[in-house]
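Asks: Residue strings, one per chain:
2 protein chains.
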Amino acid sequence: MPRIAYLGPERTFTEQATRRLVDPATHELIPATTVAAALELVRLDKVDAAVVPVENSVEGSVPPTLDGLALGSPLVAIAETVLPVRFTVLVRPGTKAADVRTVTSHPHALAQVREWLAANLPNAAELATTSTAAAAVAVAEGTADAAITAPIAAEGSALTALAADIGDVADAVTRFLLVRKPGLVPAPTGNDRTSIVVVTENRPGSLSEVLVELALRGIDLCRIESRPTREKLGIYRFFLDFAGHIAEPRVGEALSALHRTCSDVRFLGSFARADGDSPPPPPGTGTAEFTEAAQWLTQVRAGGQA
Amino acid sequence: MPRIAYLGPERTFTEQATRRLVDPATHELIPATTVAAALELVRLDKVDAAVVPVENSVEGSVPPTLDGLALGSPLVAIAETVLPVRFTVLVRPGTKAADVRTVTSHPHALAQVREWLAANLPNAAELATTSTAAAAVAVAEGTADAAITAPIAAEGSALTALAADIGDVADAVTRFLLVRKPGLVPAPTGNDRTSIVVVTENRPGSLSEVLVELALRGIDLCRIESRPTREKLGIYRFFLDFAGHIAEPRVGEALSALHRTCSDVRFLGSFARADGDSPPPPPGTGTAEFTEAAQWLTQVRAGGQA
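In the order they appear, the protein sequences are chains A and B.
Residue numbers for the first sequence follow our numbering, so the first one is 47 and each next one is one higher.
Residue numbers for the second sequence follow our numbering, so the first one is 47 and each next one is one higher.
No lab work stands behind these hints, which were simulated from the structure alone.
Since the structure is predicted, the reported quantities are computational estimates derived from the model, not experimental observations.
Hints are supplied without guarantee of correctness; some may be wrong.
[As the list claims (entries may be wrong)] For lysine to any residue, the following SDA-like pairs were computed, each having C-alpha atoms within a straight-line distance of at most 25 Å:
#1 B:K92 x A:A157
#2 A:K142 x A:G213
#3 B:K92 x A:R160
#4 B:K227 x B:T337
Next comes chain A alone, as it looks inside the complex (with noise of 0.2 Å):
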């Protein structure tokens, strides 16, 4: 049975993702406690793939997913998926709102849930565990009377929900990835996604020129991110997501400029999208319009013109 590590512990929400990328009736399922054990386990071959966040719509990126990418041997994410965030609050069988003196969960969940909180349970004091699946645990146990946690937390616990599809912001999501060691790229499926990370000179104009070579290929970029890199001060890693697929002649083209021209150039996945729908190659940018053009240069360089 393929074995997928996913950062833990159980009961959160990249369980929940894992849940949607795989089979779990026909993977095993094995929490890793860091991002960077999960991607760990895979450079070792204990397991086949990995699971982690890449990218919150309210937290912003997951550094040690990205770090983890760059670093290390090449590791290929080979798909997404993207979860709302929204959040359940799970209570001791009988438990009212106004018996909940003190709500439990991982900072980052608390502050995403302030405005419900300060509206619902606003005497409650707030007591900080290391995950959502803690919160459940401490709740279970006695040591909090609510907790704020992913949906799965529900699932198979002695608990109840007081309130479920909570948080602050309506459409707020996480993006995840499944990643495993460099092999075959999945077929593209006409609305992928790419994602690269790009070392450049340390110049001005370097990263102008990067967006160019996509640009003048019809490359939508979805997102861009700096890091800065921790061998040489002042020297950045780019991490760019974009619209296409490396078996698209316009991205393998560009790709290829980007490996002539940059320091260093590492490819991340091209996978499909799950966060909405690409817009066509833009005119002289498609496949075949790159096909005809070949042949045309073929034809023009053996001395014949059409």
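For chain A, the structure is supplied; the task is to place chain B on it using the hints.
Replies: Quick look at chain B alone, frame taken from chain A:
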């Protein structure tokens, strides 16, 4: 006495940064519960300025600060400071490492000293708190044996340091901004940073055009990050930090160009840079060269030709 809000509670890294940015003898320091609350106090004229964290080299950017500056009525940064992220381990007097059964802090702080804990307190159970300052309180009250805190937490406390200057990443730093309502821009120092937020049209190449406007004028980018706008799916806001001051002609001309060509540009401040030296403007982009070029153009327009 001028009033300065900061992300509280007291005795955390942000208070430490605030004491570097303003003289505590001549300013009243007011802790706020969240970044949003600190910024709101400035907008409502309840304080003169606020200190908030903007970027951590390990944990990444601080989204509430970025979003809080991009939205709402304009605020600008007038100064920055960079603090090393080094933690102190506080215990009750007489406690030895062998006595520590529980160690407590904000989960972010626990995550940043994990290697030290594994080597030095391998058997201590981790308890989460909502801040590093709350961890010190928990140890003082006897609900935990050791607290991972900011160095400032030791000051005036009955606790003693079991270890100081710990942290898994030796050169980790956090950058803090002093922000206030728009007014006078600090004078250029020759080593300045300018921060802006830009919203562009959503089409391939729009960001590369922004960066080309900077690159053409020899402006060196320090940091870039995209954040989704909440208003409309697929529309991104770009946070850019670059070397230079709005008073310099190269920066002024670039900002004017962005104002002409982007959907929205918000100036977040020009101030003395605290994290290293900026390179001088490349040939052709210095203030003297801009002045000379303007004189030349005036002359040619008037029919002269030098």
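Asks: Now look at each hint and say whether the structure bears it out.
Replies: Quick rundown of the hints versus the structure:
no. : hint            : result
1   : B:K92 x A:A157  : holds, 24 Å
2   : A:K142 x A:G213 : holds, 20 Å
3   : B:K92 x A:R160  : holds, 22 Å
4   : B:K227 x B:T337 : violated, 31 Å
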